[in-house]
Structure formats: structure tokens, C-alpha cells
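Chemist: Just so you know, the sequences run in chain order C and D.
Residue numbers for the first sequence, in this note's numbering: 1 to 321.
Residue numbers for the second sequence, in this note's numbering: 322 to 882.
By construction, these hints were calculated from the structure, which means they are not laboratory data.
Ideal placement from N, C-alpha and C gives every residue a C-beta, glycine not left out.
Among the hints, erroneous ones may be present.
Said to hold, decoys possible - Computed, partial: chain D to chain C, Cβ under 8 Å:
(1) Arg352
(2) Leu353
(3) Val354
(4) Phe355
(5) Pro356
(6) Thr357
(7) Leu358
(8) Phe360
(9) Leu361
(10) Val362
(11) Ala363
(12) Ser364
(13) Arg430
Stated by the list, open to error - Over the 12 Å line for every Cβ pair with chain D, so calculated as not near, a few chain C residues:
(14) Arg67
(15) Arg88
(16) Lys92
(17) Glu211
(18) Ala223
(19) Gly224
(20) Leu232
As the list claims (entries may be wrong) - Simulated DEER-style distance windows between Cβ atoms:
(21) Leu869(D) with Glu211(C): 51 to 59 Å
(22) Arg265(C) with Arg352(D): 16 to 24 Å
(23) Pro377(D) with Glu239(C): 21 to 29 Å
(24) Leu869(D) with Glu173(C): 40 to 48 Å
(25) Glu247(C) with Leu330(D): 33 to 41 Å
(26) Glu173(C) with Ala335(D): 48 to 56 Å
(27) Glu173(C) with Arg352(D): 27 to 35 Å
(28) Ile873(D) with Ala223(C): 16 to 24 Å
(29) Thr253(C) with Leu330(D): 50 to 58 Å
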Amino acid sequence: MIRAPALRGRPGSSSGAAASGASLLDPETLTRIGGLELVARHVVQGFLTGLHRSSRRGFSTEFEQFRPYTQGDDLKHVDWKIFARTDRYFVKEYEADRNLETCLLLDTSGSMGFQGGGVGKFRFAAMLAVSLAYLLLRQRDRVGLCLMGDRGPAAIPMGCRPGQLTRIVSLLEGVRPQGNANLGRELEALLRRQRRAGLVVVISDLYDTPEALGNGLALLRQAGHEVLVFHLLDAQEVEFPFHGPLEFVDMETGESRAVDASQAREDYRYQLKRFLESTEDLCAARGASYLRLDTAASLVVPLTVFLAARAAGQRVAIPWR
Amino acid sequence: MALIHPLALALLGAGLAPLLIHLLVRRRGRRLVFPTLRFLVASPARRLSLGRLTHPYLLAARILVIAVLALLLAQPYGTRTPGAERTSSVIVLDQSLSLQAEDSRQSARKAARAALAELGPEQLAAVVVYQGTAQVVARLSTPAACLEALDATLRGSTDGASSPGSAHGAAGLLALRLLQGQPGQRQILWISDFRGDDFESLRRRAAQSGISWRTISVSQRALANDAPAAVRMEQGDGRRLRLWVDRFSDEGSRGEELSWALDATLPQRLEGALQDGRGVEVDLSSEGAFYRVAVALHPGDAVDADDAASFRIPLRTTVRYAVLGPDPEFVVQALQSAVRVNGLGLERWADPAEVQLLVVSDLASASPEVKREVADARRRGVARLLGGALRWQGVHRRLARLHGAGLESLLPVTLHERPLLESVALQEPKDSARVLARFEDGSAAVVLASSGGTEIVLGFPLTGPPRGPGLESWFPSLLEGLVRELIPQALPSQAVRPAPARRESALIEPTPPGDAPVVEAGWVDPVVLEQEGGWARPLAVLLLLAALVEGILARRASVGR
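Here chain D stands alone, though its shape is the one from the complex (with noise of 0.2 Å):
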């Protein structure tokens, strides 16, 4: 947790002040006239001293309602980076026959080993082998147990012969079972020669239960043929493609690492990229939601179509759409528009369930039916959504509906930002905005702004002048808060280039790649500030209740009454 006006915290130094003050006045005792003292005895001074408080639920209440008006002043908030969490990962190693060749059987071995070796000392791993029948070497516990546990168990194989058959069903069951209620991000890497075996039933299951696939090949038909080299791919992030290229020699292994990003240019960049004479073909090939990757090791000319081993490779590209506006009408259609990637040229991007929205509004004036749809939009997880609030301007007063709403979180947003907007420079036909749909009379309705490697996806009414009433004081601030959030870093000018043409009755007109910068697809997530003094508001009025009504209490009970 950190916050936003550290400084704030200061203010838990007055704290101090009602019982500095509770102590002082109960020390003395207040005094009261009256008209004798021939019937009061002196209480002895221990009766009065320092150790006993009078009324300590009241002191506690005002106490705390400082703390937490302290609190909310220094605006705590939490931050949330992707990746940071804790992974879990299961190895599942192939011993099976198919692997038979000492060489290919080693190549897994130390490929399982080199995955182990990547991980980190923080994160869990499982090992799982299989041939006939399958077997947990280890359990969830730190690489370097799990690498301790697979050489025990490697070593007391070698010599023995592998169980015919291939569990692999099992073994994926078991590697998914010790995945299971594990907290942070899951993955499966699956290290096999993938032949013989439909490993796509597994896949899904896997997807369904938001676990990563990650494959590592090990081609035995190019050892088998001799070849100085071995290919094994990877595409578990959804996001590139890699490959790693291992080249023998009698000094050792090389590694080479060839890596695409996944998205729409692919089959383009790939065209030439690699045909390079380093003895690896690439054939990519489109089918559906998928692509086929037909990978060929070849140390001699051609490409021999038998030896090439394919992958099936879902697109799991996330695209992620920010839907800015406060225009629930818009927001309703772009939803359902990106549900059913009917529409702002997403087509050609991604598998459906792998779109992601990223609402951006406070749905303050939404319709109930507007907050179903974004509720069973976000249900289905294809949808999140965020609020932003502008700091200091009246919006502190909407955080209530905002939760109502069932936000995600909120962005705090500064006026002293607005400059960062006019430097973005996503209205049309600014630099690095790249307009991806449009409204029926021709404005810009999407827009892709990128940066680096960050990509934005903007919406209405960001990419136009806002045109709700009123929107105009703050909405376009929270934009900006956005927009620094999600951009952290200056977008760099670029040379103005015109704007595509307009088609006039085009509701959604995909703009063609064109002579546009390769981009990466992977968006890096941004750092969420996640608002916690939400509580706070409610519990501050409470302990002021609390207090005044102690306090009348307190009031009666003492003198004067």
C-alpha cells in the first residue's frame, strides 16, 4: 500500500491531542460550585491519577476518527503489477517410447532441467513424468526441490525400460489437479516430441480453467535424420512466438532464440524472416481463430514436408479495448460490438473470448440496462471495469455510485495533467492515433495510440470532442489519468501522416495496417491504483456518530444536568 499525500500521516500526531487533552482536564476535574463542602471528603490523589480513564470508549472514538480522517487525507491506495504474483508451474516431462533415441530423451531431460532453471526461488513448481502410466515426481514446492526430485527419479530409470503406451491424458489430469485452488498465475509446460498424442482436449481444459499452456518441442525426426540441431517452440504467453533453436557440436549446445510477436502482421513479417539459411523454414498458415506453424529443421536445402513438425497455435492475443466515455449508449455497443467481434476490425485479431474491454466510466447516468450489460459483460469476463475520479472536483462525492457501479478500481486523476493529453495526441489526424473504427458521420469512434511497446486502445469521447453536457470539466481529465496510467512514459512525436480515407457510410472501417510501424500486440498491464479509503468515508461518519451521541451521553452523565 502506498499513498498518495504521505505527508498526510502527520496528521496521526494529533491524535495525541484528545487524550492529551482528556488527561489534563480529568486531572484536574471540572469544577463546579456548590453550596457546601461539609459533606465531601477529599478523594486521595491516587484516586485521581493518570491510570484511569473516565471515559475511554469516547477518548477511542475520537481518536480513531482523526487516525482515519488522517487516513483519508494521505489517500492510501495498492498497487497491482501483473506478473508480480507468486507462479505456479507443472512440468510435465514425456518419457514415452516415441522418445525412444538416448539424444531425444536427454533433449527433454534438459529442457525440464532448463525450465527449473528459469524459475525463480519464488515460484512453485511440480514435476509430472509419464510413459505408460504417469507419475508426480514432485510436488508443488521451489524449483530447485523439484530439479533434486526429477534427477533422483531420472537416475533410477535410466536404465530401465520405459512402460508402453503414453499417459498423457493422465498425466495432464494430475498436472491440472496439483494446479488446482493455487493462487497467482497457473501454467502447464509440456515438454514432448507431440506425436502420436491430441493434446487439444487438454488444452482447453487448461484455457477454461485460466492455467497457460506452455509447449516445449523436442523433434526426434531431426535428430533421427542427424540434424546438428533442435527446435522447440513456445507460445504459452499468447502473445509471441518463439523459437529456440539448439545447434550441437562437439563444443556443446547454442542456443538461438527467434521470436515473433502474435498478431495480425505476423504472416507478413514472418514472409522472409525466415528464410534466412539458418536451417530453420517457418510455414504459417491461418486457420480460423488459429494459425499453423509448420517448423522445419533442414541442415541441407529444401524443405522436406516430412520433416516438418506443426503447431497448432490459438491466438490468444488479448486485446484489450478501452472503452472511455461516459456515454452508456456507446458503451453498451461497444461491448456487444466487441462480444461478437462483429465490428471495429477485431476480426481479424483474436478468438473472441479473448476479448477484453476495459470499461472506463462511472455509468453514473447509465440505464439499468446499460449496468446488466456491463455486469454480465464483466460476469463473463470479458470486461473490466474502471472508474476514474477526479481528485479535488466534486467527483469524491460520485466514489459511492462508482463502487456502486461495481468498479474495479479507481484512477485518481489531476487537472495539472491535462497538457499530457494534447501531448498524446490521439484526435485525428495526430501523429502516433491510428483510427480503427469510426461513427456513421465520420468521426473517429476507436483509436489505437501507440507507444513503444504500449498500445492503447481509445474510445469515444476521447477521440472527438466530448458530447454529453457537462463532461467538459472533468471527464476529460479522468482521460488523462488514464492515459498517464496506462502511457507511462512520453510518447514520442512522429511525423503527422495523413489520415485514411473515410468511407461515408461505414459504421466500423478497419484501418489497413498500411506502412504503420510494427507494433507489439502484448499490452504491458497497466499498474492499477486501487483506491482503499473507500471504507474509510462510512467509518469516519460512524465514529462521528459514534462520538456525538457517546458524548451526549457522556454530557448527561456528568455535571450539570
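Okay, chain C solo, but in the shape it has when bound (with noise of 0.2 Å):
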């Protein structure tokens, strides 16, 4: 399990280089610098300095290793002052320039558009996702892009073309959050189309059943593909600063429900509790990584742990303060 690094700077909370980045990735900052497609260069360019490497090899300019020649090798691979020294025939391999396919799976759910007072949810989940696709693409990493709602499948499909960003930019910037999602049916959607294993990043509230939340994750896991799961959750969500009478609508379903605040706080709280350690729980029995963000955190923490889950290719645990 990978400790995240302490990157949850908020602004003006910590000192050092490290916060200072932090303070400029946060996402009030990034809401003033404009489109999403700016706010991703910004994002990354000001975050990364170094490349994430290919789990795959092949032949290129970074030595892997020998091994002995089969047959089928192109022979202009085979290292001809090995045959003179020994006698036999070996082929020098090289790391591969393979590129990685990453499927972002944002959640636009009516649930997405809460908006207690910070950025909101899906604004900060479409921030996240185009700054991964532009990380992605700056490294020729194939990357699409696929909306989970009651509007039927919209997806960008996998591509390292220069307008692929463009794409992805525009989809999102016409998507308004509404209507119930199901996670689970998404998943297995994406699993139709996506054979190839790559990286499966699901940016989502997760308000769905666990049952299907863990089918889905385990099915995308049997196929080989690895999960890193952003659970978006408002500050309003977690502390539930509410008082008196008030009437709660819910922004999937339209029901609504006359509650007391004052006195419900401790009850929510507490289920809310339990339902972050289930889905916690949950991804971590089907492999998957899961990192909670709420709206108001630096994008630095969940770029650090897309490099460091695509790196270690390891479970990602980040204590939720």
C-alpha cells in the first residue's frame, strides 16, 4: 500500500515549494484561470517534471536486456559481436515505447452538481480528468474519455492525436449533471469496449449500490485492466453544517425529505462514516485504488497518486483527514 505524499496543501496551509504548487493548483485558483483545457496545461506542466515509464518492453533506445535469438526474431536485432565472442546468436532488447491506454470514467449523475460552496463536484471532476488526459497525451498515452449518466454512453474513444484533448475538452464543457447513474451497468459498458487492458480511472461520488459498485470493479480487474477510483465528496457532504427545518430534495431522484438538521447531523454523519469505509473497503477486496478528494483539495494529491498507482501499480491508500 502507497502512503500518499503530503501534497493536500490548501491554500496558505503549509510552506515550502510544495505548498506554494499546491496553492496554485488549487482548485479556486484553477476556476479563475478559465477553460479546462488551460487549467490541464496549467496543471501539468506546473506539476510534472519527469515521465512515467512503460510496463511493457520492446525495442528502442533504452537497453533492457539479451536474450537468446528464436526463431521469427528479425535478425537485424541479433548482437553480432556476442556471436563473434561466443558463437551464438542473441537479440538485445530494448525498453518499449508502448503506449498506455487510460479510459477516464467521469460520473455526471445529478448528484455531481453539488455545489456547497467551493468549485462543486463536477467541475472539479472535469478539472481532474482533462489534467490526467493531458498528462496522458503529453507522454503519446492514448486516453478517452467515457460519461456514466442517464443520457445514454458518451465517450471519446482512445487516442493520442492532437485534438484528442480538444475533444474532451468540448464534451465536458456541455455536460450538465442530472439524473441517476449506475456504476455498476457503466462498468461492464466500458468492459464491451474496452478490451485492451490499460488503466480504468473512475471519477465518481460512488452514491450507487455497493453489490454493483463491486461487480463492476471486479470484472474490469478479471480483464486485466487496473482501477484507480476518485471518490468526489463537498465539504457540505462531509460536515453537514445545516440547521433547523429544512427540506432536502435529492438531486438524482427529485424526492425530497422534511428533516430536521440540528438533529439529524450526528445520525448522517455517522452513516456517512460508514458508508466511506464500505466503498473503501469495497475497492480495496477488488484491487482497485481508491483515493478520497473532496472539492476543495489540490489537484496535486490525485496526480501524484495517478503516477505513483501507474508506477507502483500498487493499491493507493490516502488517510482521509
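Bring the two chains, given one by one in their own frames, into a single complex with the hints.
Modeler: This is the structure we're talking about:
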């Protein structure tokens, strides 16, 4: 298990270069930048200094190993100097430049439209998705986008062409979260489209049944996908800072419920805590990396976790503050 | 307390609006979209019942603000009518040896009973009887109780011999002590033959304590001469000289009242007024600030000097001099003049200490010296300070400054009363006005206007064109309102009388009464409107601020912060 680096910076919360960079990447600051593409460039160029490596070996400039020649190998890869010394045929292998295929799975259900006081859950999710896409495309990896909502599948196929980021941004700019999402069904549909193993990044508030979420994650893992789950929550969802009698309206179903917020606060927090713990355990059980984020957190955190997960291929656990 | 606009109280009903809004909004609860309801359990209906208010202080502040605003619009005021207050009286009855004659003693007792009977049931009375010693017969209680106690005491002492001496000093002290600290008007009614005793020090002490002094004289000498009548005199209120002549016969007694107003024209009016052949002769002579009245009862022809009982009457005529005008210098001049009685034609009228000034001014532009002068005059009790405010003419903004100047009350003034000023016709040479003093340029400084039993002395600028800038718009209306308050009844139209000749160099020149109609010098005290809403404005501002702060805090504590 990987412990996330201490980069969960809030503006002015810490000192040093990391804190300074984090403050530049906090959602409030990024919102003032403008478009998602520009946000992504700002985030990635300001954050990333190295490259991630491919997990596949190939023939490139970086030497990997020697192996005995087998029938079918191209003779141009045979190392003739070793043949002169040992009178045996060896093939020289290099680290492959094969592209990583990453699918960004973004929840567009109505609950993602909640905006307590910050930038809002969907805006945060969009900024995170575009930043990841820009990061991947910058490495010439293939990236695709799939929206999970009740308006039918909307997706940008895998690609690494220069216009891919623009297409992703255009799709996200036109989306307004609404309706109800079925995470399990969407994950199954993704599995049908994405047969080649890769990385699946789920950005959602995960308001679905645990069974559906668990089944979907299990299917993805069985197909060889690496899954990274970003669980988005607004600060007001966690703290529940409401008072007095209120009529709560469900953003997905439209159902309303009269609640005395002052009296229901403790029970709400307890139920939410249980939900978060069970979701995290579910992800761990299905071999998916799980990271809980609130919309006021810096984008440095998910990017760091993403690279860490990509490099180590291990599950990531971030202690919730 | 009364209201100028009682209909505005209907706005009090609007105070229910915040309550209804509060309950209706709270009953349903504020709508709030939320990502999911899976962690929320519906609250039982009783938790959202009407019995629990979410922001009671905020609700109370809102209701209170509306109530205060309604009261402000209604403009409450109180009426203070002099004389309506409760009067505390102490009757001091002389039973000393000088009243040995049974008839004289009975006459004194009868006068005491009559005095008690005259008091209303709501008044308080006490009785002190003295001869060689002084005794409190009845402490302050109802007149009926005092009468009962007096009768019981006198019945017990009918056959007893009187102790020698006259403890009138002790009796006076007892009377003063009984009245000490009593609210309202206080008076001492002394029934005696007033022979051989000096009451002047007691009278002065009573005056210093604000206690009026009335006397009923029982003339022993007249009775000793077998005169069929007795006279008692009262000058207690300082406004009128009253003589009661009781004539006795076999059929009983018959009272007759002779009454004259105490003012500068009294000697002229008494000259010949009492030579009426009714057995009473009055001789009036002047002694400084006092008149000496010698009264003789004589059934026969001539007045026997030995039979004359003399009374020294302080001329307690209260001259209320209304200084109307915002000119601070003139206010000071009038204050100093009136206090010194060195001008304005007042010196013939009154004891300086009895002069009262009615200063009507907001003193808003007055210098600190002027305000000190006014405050000093008020402290000495020679001046009252009334203020006026023109309603709805921006003068309400002056109210705080008016109160800051130490005003006793406020007079609301309305513009529609302007024609009244013209009908009053105070400016020279209008009919009902009499110039008492002039400025050096000859214009009227002080004018006496009279109507019926009411008299008002008005000063600049009502007597002349306004001189200060910006005063034309509102100050005449203020004066109109004042005149309306002081002279409630319409002034009768009278024939135009030529103005008296002016003296070029005279600053102060009293106008001789001439053939002016005799008026009573006493004033009918005006019913003064006391604005009671002065506290409401700052209170309303405080409540509004409190409601605003409370609202902000409640907003922050509520949804969507």
C-alpha cells in the first residue's frame, strides 16, 4: 500500500515549494484560469517534471536485456559482437515505447452537480479528468473519456492525436450533471468497449449500490485493467453544517424529505462514515486503488497518486483528513 | 397618554406578519438540493411543529421594530394639566386664648370644617391644632377622615381650658413636616385671628418649599364689637384677593365673596369698589413688592382704624413671559431683563422671584453662553423651556438637538394653523395686542395679547418680521402652534385701537394700561403636549441594527454559507 505524499495542500496551509505549488493548483485558483484545457496545461506543466515509464518491454533506445534468438526474430536485432565472442545468437531488447491506454470514467449524475461552497463536484471532476488527459497525451499515451449518466453513453474513443484533448474538453464543457447513474452497468459497458487491458480512472461520488460497484470493479480487474477510483465529496456533504428544519431534495431522483438538520447531523455523519469505510473496503477487496477527495483539495494530490499508482501498480490509500 | 394619529396603531397588526412568515416558512422548511438522501432520515412531524421557534430573538426583534414604528407614527403624547394633580393640604387651626370668645372659636372651627368640606374626596388633608402646644389631630388622609378626627378632638376639648401661649411656630413646623416630600400641589391653610403672632418667617419657609400659603382670618374684634359679620381673607393662590363676608342673623349665616384680581390695576379697581355700603371697607397701600390690605368691618358709618385688620399680601402674581424666538441674543436679553425686572414693564407687576419665563426656542444655534444662561434660569426656577417642532417639515431631525438643549416638552406644529396667526393679530397695531416693550428702532419687542381669561406675552419675532435667515419657513408655524396651545379659544375681534406713541430712545417702555379692558393677570396654564416618542427613534435604530446583525448571524448559521 502506498501512502500518498503530503501534498494535500490548501491555500496557505503549509510552507515551502510544495505548498506554494499546491496553492497554485487549488480548485479555486484554477477556476479563475478559464477553460479546462488551459487548466490542464497549467496543472500538468506546473506539476510534472518527469515521465512515467511503460510496463511493456520493446525495442527502443533504452537497453533492457539480452535473450537468445528464436525463430521469427528480426535478424537486425541480433547482436553480432556477442556472436563473434560466443558463437551463439542473442537478441538485444530495449524498453518499449508502447502507449498506455487510459479510460477516464466520469460520473455525470445529478449528485455530481452539488456545489456547496467551492467549485462544485462536477467542475472539480472535469478539471481532474482534463488534467489527467493532458498528462497522458503529453506522454503520447492513448486516453479516452466515458461519461456515466442516464442520457446514454457518451464517450470519446481512445486516441493520442493532438485533437484528442480538445475533443475531451468540448464534451465536458457541454455536460450538465443530471439524472441517475448506474456505476455497475457503466463499468460493464466499458469492459465491452475496452478489451485491451489498460488503466481505468473512475471519478465519481459513488452513490450507487455497493453490489453494483463491486461487480463492475471485479469485472475490470478480471480483464486485466488497473482501476483507480477518485471518490469526490463536497465539504458540506461531509460536515453537514445545516441547522433547523429543511426540506432536502435529492438531486438525482427529485425526492424530497423534511428533516430537522440540527437533530439529524450526528446520524448523518455516522451513516456517511460507514458508507465511506465500506466503499474503501470494497475497492480494496476488488484490487482498485481508492482516493477520497473533497472539492477544496489541490489537484496535486490526485495527480501524484495517479503517477504513483501507475508506476507501482499498487493500491493507494490516502488517509482521510 | 394620547395619540396624535391613533389610526397608525392599526399598523401594530403588521407585527403579526413576521410571526406568520416565520411560521409558514419554518413549517415547510427551506428547500435544499442535496446529492443524496440515503443518509437522512425524515424528522418526525412533531419536531417541525409550530411550538418551537427557530430564531426567537430575531422574530421578537422584528415584531418589536414594527411595533415601535407604529408607535412612532401614532405620535404618542401626554397631557399635563396643572391643577389636575392631587393636592395635599394641612389645615392649621388656632385655638389659642386670643380666641377666647366662644363665637370666635366656633367661627374658626366652622371655617376649618368648611375648608375640609371644600376639598374633594381625592385630595389629602391633615389637621394641626395649636394653642399652648401644637398637636397633629389628623395626618394626611381623606378630608372626611380629617373632619371626623377634628370633630372628635374638638368635642373632647370643648369644656377644657386652653393652655396659655401660642405655639404657632411649632404648628407651622408640624405642617411643613407633614407636607414634606408629598407629590403634587401642597398648601397650608391657616385659620387664626392672626393677632400677636408673626407668621412671616413661616410663610417664607413655606414659599421656599414650594408650599402655597392660605389664610382664613377670624376677626375677633369685629365679633367683640358685636358686629353682625365676620370677614376672612384668602390670598393663597396669589392671583386673586378674595374676601368672604359672613353675615350672621337669627336665621343663620350668609356668605358673600368679594374677589379682585391681584395685578397692577388692583388699587384703581379697589378705589370705589369697596365703598359699597356693605359694611366692608378695604384700604390698599403698596409696600414694595407687597400690598398691605386693611379690612374693616363696620356696621355703622365710619371706619374705625382700630377695628381694621390688616393683611400683608405678597403680590405673587406670576408673570409668565413668553420669549418666542430663535434669536439667542434676545433670549439672553429677555432672561436677564426679566430676572432683574429692570425693564419690559414688569417691575410694577411682580416680585422678581415670581417671574417665570416661557422660553420657546430650540436654541439650536445658540452659543454655549446662551445655553448656560438658559440652564441657569431653569435651575433657579424662573424659566421654563419649551421647544417646538414643525411636523413633517424636517424639524423632526432637530428633535435630538432640542432635547439636547434641555427642553421640557415639545409642541407639535402644523402648517394648516397658519391662518390662526393672522386672526390672532398680534402685530402692532392690531386690536388685541398691547406693546409692552420696544426695541430701540421702535419695533415691538414684547406684546401682550389677551383673550377672555387668558393672557399671553409674546416676544420677537412674533411681534415683528422674522429677522433670522431661513426662519420664515418654519418658525412662524411653530409660533402658531404655540398660540394655539396657549389660547385654545378663538380670539374675539375687537375694534382697532391706535398704537401708543413711541419713544425714540426707549429700549423698554411700558405701555400704560389706559382704558384697556381689565384682564385677569392669572394665566390659564397651557396644556402642554409632551412628546413621548423621543425614546422611540434611538430604540428603533437599535432594534433595526440588532435585527440586521441577528439576521446576518442566522443567515450564516443556516443554509448555503
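Chemist: What are the numbers of the hints the structure violates, in ascending order?
Modeler: 13, 20 and 28
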